[in-house]
Amino acid sequence: MIRAEEPNDDEAISGVHIRAFGGTTEAAVVESLRGQGALLASLVALVRDRVVGHVALSPVDVGGVERAAVALGPLAVDPDYQGRGIGALLVDAFLQHCRVRDEGLVVVVGYPDYYSRFGFVPAERFGLHYRDAGEAFQALEVREGAAAGLSGEVRYHPAFENA
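Heads up: the sequence shown begins at 509 in my numbering, then just goes up one per residue.
These are computed hints drawn from the structure, not numbers from a lab.
Given the structure is predicted, the values throughout are model-derived calculations rather than measurements.
Accuracy of the hints is not assured; some may be wrong.
[Claimed, not checked] FRET-style restraints, in silico, Cβ to Cβ:
#1 P587 / G660: 34 to 40 angstroms
#2 V555 / D640: 32 to 38 angstroms
#3 R511 / E669: 26 to 32 angstroms
#4 T532 / D640: 19 to 25 angstroms
#5 R607 / G635: 20 to 26 angstroms
#6 P515 / G571: 33 to 39 angstroms
#7 G657 / E514: 34 to 40 angstroms
#8 E669 / Q590: 23 to 29 angstroms
#9 G523 / R651: 32 to 38 angstroms
#10 D569 / S624: 22 to 28 angstroms
#11 D518 / E661: 29 to 35 angstroms
#12 D600 / F529: 18 to 24 angstroms
#13 R556 / G660: 42 to 48 angstroms
#14 D518 / E669: 17 to 23 angstroms
C-beta: ideal position from N, C-alpha, C; glycine also.
Could you put together the complete structure from these sequences and hints?
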């Protein structure tokens, strides 16, 4: 089951990120986004009422245009539950949530082989760049034409820099 984060999920969400990534960086990013009011959405995957996966939605700036797109991530699934399609369910729910919110453009840094199945393409096709992420930096128009007029460097929320 996928649902929106609830107030008592904080520790479980942090635990999923720590176990999935083997460190605290991603958990700190989520906590910082939440603390700064920049966690636009936060979805969790539950198995038997236990949080086993999480994905965050946060704003990004594109070419100096504030909040021109949104970022998918961090995305994490507890290692004990990986390989069961939970990550894919979270991504699908995330993208549906973006459509409901009328978000136009989603960016992600991740494995192209994984995210391409959801329709993500190299962000450079839209003239978008993020540091030296190369092909790992991808984008998806969830609303047709959303990337029109946007180009340049993408800046994630400062929470990603300060974690």
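Verification of the supplied hints:
1. Between P587 and G660 the beta carbons are some 37 angstroms apart, a value that agrees with the proposed interval 34 to 40 angstroms.
2. The hinted window of 32 to 38 angstroms between V555 and D640 holds, with their beta carbons roughly 37 angstroms apart.
3. Remark: the range hint 26 to 32 angstroms for R511 to E669 is upheld by a beta-carbon distance near 30 angstroms.
4. For the pair T532 and D640, the supplied restraint of 19 to 25 angstroms holds, since their beta-carbon distance comes to about 23 angstroms.
5. Against the hinted window of 20 to 26 angstroms, the Cβ-Cβ separation of R607 and G635 comes to about 23 angstroms, which satisfies the hint.
6. The supplied range of 33 to 39 angstroms is met by P515 and G571, whose beta-carbon atoms lie about 36 angstroms from each other.
7. Between G657 and E514, the C-beta spacing of about 37 angstroms keeps the proposed range 34 to 40 angstroms intact.
8. Distance hint check for E669 and Q590: the Cβ-Cβ separation is about 28 angstroms, which falls inside the suggested range of 23 to 29 angstroms.
9. The given range of 32 to 38 angstroms is respected by G523 and R651, whose C-beta atoms sit roughly 34 angstroms from each other.
10. Checked against the hint of 22 to 28 angstroms, the C-beta distance between D569 and S624 comes to roughly 25 angstroms, which is consistent with it.
11. Checked against the given bound of 29 to 35 angstroms, the beta carbons of D518 and E661, roughly 32 angstroms apart, stay inside it.
12. Judged by the Cβ atoms, the range 18 to 24 angstroms given for D600 and F529 holds: they are separated by roughly 22 angstroms.
13. At roughly 45 angstroms, the beta carbons of R556 and G660 sit within the given window of 42 to 48 angstroms.
14. Between D518 and E669 the C-beta distance comes to about 22 angstroms, which sits within the given range of 17 to 23 angstroms.
The structure shown violates none of the earlier numbered hints.
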